[in-house]
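Q: The residues making up each chain are set out below.
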Amino acid sequence: MSILRSIVASVRVGWYREFNWTNPFLGFSMRTVGPLAGVIAASSVYYVGASGAGKFNPSQLAFILIGAALYAHVAAYSWVPTLAIAEGKWTYVFPQVYISPHSSLPYLTGRTLASFASSTLTVIVSLVLSFYVLSSIFHTSIPFVVTPLSVSLLFLAMLVNIFAALGLGLLLSAYALFATKFEWALPTYVAGLLMVFSEALFPVSFLPHPVSDVANVLPFTEFMRASRQAMIQGGDVYSYFSYLGLAVLGGIILLALGFLAFRYAENRARRLGVIDKKTA
Amino acid sequence: MRLHSNPWLRTAYARLWVRAKSIYGEPLWVAVNVGFPFFTSFSFTMVYRAYGLGSYAGFAILGGVMISFWGNVLWSMASQFNWDKQVGLFEIYITSPAPITAILVGMSLGGILGTAPSAAMVAILGWIIFAPPIHPFWPAVVLVFSLTLASLYAMGMALSSLYLAYGREADSVNEALHEPVSLISGVYFPSVGQGISPFPFAVQAAASIIPLTIGMDALRQSLGFPIPIPFIPLYTEALILALMAVILLFSSSRALRFLENKGRRTGSIAVRQR
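Chains as they are written, first to last, in numbering that gives the first Met the number 0: chain A, 0 to 279; chain B, 0 to 273.
One chain only, chain B, in its complex shape (with noise of 0.2 Å):
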């Protein structure tokens, strides 16, 4: 199937492109959005090394890279259609014949593509720096990550379609969500799992149903974290995650169509500044 007879395919590719386009266009912006994840990392890292096991710094460090790509998510594309009508590109994706999957398929894409420059380098420099113990296999690790990010970005989806409805609170739910999301999904350390987890098995069971909690995990076995014991099966993992990532994306077309009918009936599709 050729690229330009699919207009599909021609919309997730043209709304990839500018997505990569905005970053790669600008190098200095990786440089820029490695900071906060790299010096966040180092600091939990220093932590680990300062009080206890140094063997534990590479909890740390995977945090760093995952957690620019759960920013970008909420950042990117969680509110990027609310920005979007904002400034009145959401009408045009309307009016236009272009797929609204393939905008946020796209969008996800370019955003992973974009993430990925200033995640390598928090996980280059880690590695450099501190040069945590792992013992990876990285065909799990693969496709474990590529899971991951899967079921992150249809979250991001499903997110996008939610704060469409919402004017300027996606702002201030997405700096409400950011931090407690990190924490119970254990970006920085074991959330979940007999004998680590600082938390109460009812805490780790309501992590579970979020994308990022499951990632995190099946990541930290596939690379040979030392943990005591596997909260699920790394294989068992790997399917959830598939599953979620199918579920989700499904779910955000199902919600972007209801709120693109009910903006049409209300006729708040197109309002702006609320």
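Pulled out of the complex, with its shape left as it was, chain A reads as follows (with noise of 0.2 Å):
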């Protein structure tokens, strides 16, 4: 119980951090902007690209906003157990969680917990958002499922997605335990990398081998071929429960892997006196 306290407790410190500079709409639009220029740009550079070669297709228009979409919410909530080590030693607050009993975790879950669910709603927006705007300037029809049951699945998807995102934001953490150089800028550069091998924007079969066979397995990618499944036409739901499957498998062993690497830091950065360090 006292774990669940923790957690409850940290997404509310989670959430006070993100939208207490300003009022709670503001900050919701400034935080739902990014994603939405981001899906935006990456469907203008598929318009503008197969216009071109006389190869649009609205389907192809479908799978991109989805995967740039899912990828911005991916990216946006992955990182912030980083965050919340980097940004607390400088603030005093990581250190005095540490030394509270048995909290770093339930923190940092929580932590996630509160950006995932601001985020969800970020993207939820965005996806509504660009869909309008893109149908209206591109002259196309969108094929998106908008039904209670579609959406239903892409919210399960992006539940189930919490264990690898988490997986992956801890051991992002067990980094930056140790770190007083870079941790800032990891996040960016594994959000980049999430990019290319998570088929955000376009199938990982297009990738060399063996490259294309390790991103092919990935949760992140089972993950947005799953919501593909669940929100463009022609998915089935056979297809959606394998991906959505593999995607829990791959997040369980990514979680278990993150859990590891953490705890082995955490007691690793104690012994070396590092808890609190912030400067090289």
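In case anyone wonders, no lab produced these hints; they're calculated from the structure.
Fair warning: this is a prediction, and the values are worked out from it, not measured in the lab.
Honestly, I wouldn't trust all of these hints.
[Claimed, not checked] The following residues of chain B were derived to be distant from chain A, with all beta-carbon distances above 12 Å: (1) 23; (2) 41; (3) 96; (4) 118; (5) 130; (6) 189; (7) 197; (8) 204; (9) 232; (10) 235.
[To be verified] Ranges of calculated distance between the beta carbons of each label pair, as one might list FRET restraints: (11) B/208 with A/255: 49 to 57 Å; (12) B/24 with A/147: 54 to 62 Å; (13) A/207 with B/265: 54 to 62 Å; (14) B/126 with A/147: 32 to 40 Å; (15) B/24 with A/116: 34 to 42 Å; (16) B/260 with A/211: 39 to 47 Å; (17) B/23 with A/150: 48 to 56 Å.
[To be verified] Derived lysine to any residue pairs resembling SDA-like cross-links, with alpha carbons at most 25 Å apart: (18) A/180 with A/91; (19) B/20 with A/185; (20) A/277 with B/34; (21) A/276 with B/82; (22) A/180 with A/264; (23) A/276 with A/252; (24) B/261 with B/95; (25) A/277 with B/7; (26) A/180 with B/95; (27) A/180 with B/20; (28) B/261 with B/7; (29) A/276 with B/25; (30) A/180 with A/98; (31) B/20 with A/188; (32) B/20 with B/97; (33) B/20 with B/87; (34) A/180 with A/108; (35) A/180 with B/171; (36) A/54 with B/82; (37) B/20 with B/108.
Backbone N, C-alpha and C fix where the C-beta goes; we use that ideal spot for every residue, glycine too.
Got two chains here, separate frames each, mind docking them using the hints?
A: The structure is reproduced here in structure tokens:
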């Protein structure tokens, strides 16, 4: 119960951190504008390239739209554990969290869940707005399936992906405990890698072997595929659950790896006395 | 004129040196900084190749190069004075005889020098991997690239004065500005120009007041990318960029002076966390 209480308290801390600098509406709008612009930019790249070649296909536009939106979603919350540690060292929050009993993992989990919730809202708004904006400026009909069932399946896929995203976040956090230089830049590096290897914008089969084989089994790739099966016309339930199952399996493996790496790093960081170290 | 006899040049050089040293003193920064622009540009290049025209791959590679500078302008120019204020450096700037414009110019030149290696790596890797077809007219490329950076960093100076008034909002404003400006400036695709831009004319016209939009279009023209009809002739764009740089530089100096005076009057010049 105390772990659950810690997680809930950390969720509140996360929301407070994200939105307390302004009123909630402005804060939410400013967090939405980035993902929305990212989705429109990726779709515009596709439109310019495909129209120039005379190969524009609304199904491919839907593929990119979903991928760009969900990529932004994953990138937005998977780096939160790293941010919580890096920023927490500077603001003396993380050492305080660490010295209270068994609280660093619930703290990082809570902060991630807070960001997951806000980023889920922003990504849904981005998807809806970009759907209307792009349909209008590209004069096309984007073949989305918008029914209570398809939207529920999308939410389920997003929930399942928390395992993988938290696992990745904990792996990065294990590094952030020791880092004094690159911890701020590392998540953007990983976000860039995710864009290439998670089938966000193009099928991973376009990548050379064996890189495509690795990308093919990443839980983030399976999450993207499951979401597309749910939201784009032509998807089927069997494929959806196959991809979702693989996303769960991969996510649990990544989470276990992240958990072990973080525990090891935390013990080692304490022995080396770097839990509150800010500069090299 | 000797460097050490002129306080303006000495200040600019000192600020440039600190910024350049922070990058070149730790070469791993180059590898770290190249990550996001390279992978983003790689993804968009793959989109061009996978779905349509491989000959447009150059748009995405050029975008990767310029997004490095745009990121540097936002995070290391616009919000720099705000961060300096948080750690107490801004008070030292104000109380010292160092001219604030020299600090800004030094910071810009240092930022350009510091970003150049990662931008060059994106260009080299992109060119090696994708070999996009280009027909550059190099003197025009050099001129337009220099003017684009001048106007872009002048915009960063203008924003830095604006951000000085903010507290924690600065980070959120940066995050909110980064993607939308990249989108309407057409960093990865031509956002202006008849027959190629996906945007209506009103959006193209609005986008044209951002130096990055004009700079990207001019760079695409000077590099000989396949653009059916240029938005504005190349040398007119060069002239516009030069004008933008001068106007933004002047505005940033005036805005900083105004905020400094206001900060003195209201006593908020040294207030850190808000």
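Q: Check each numbered hint from earlier against the structure, then list the numbers of those it violates in ascending order.
A: Those not satisfied are hints 2, 6, 7, 14, 16, 23, 25, 26, 36.
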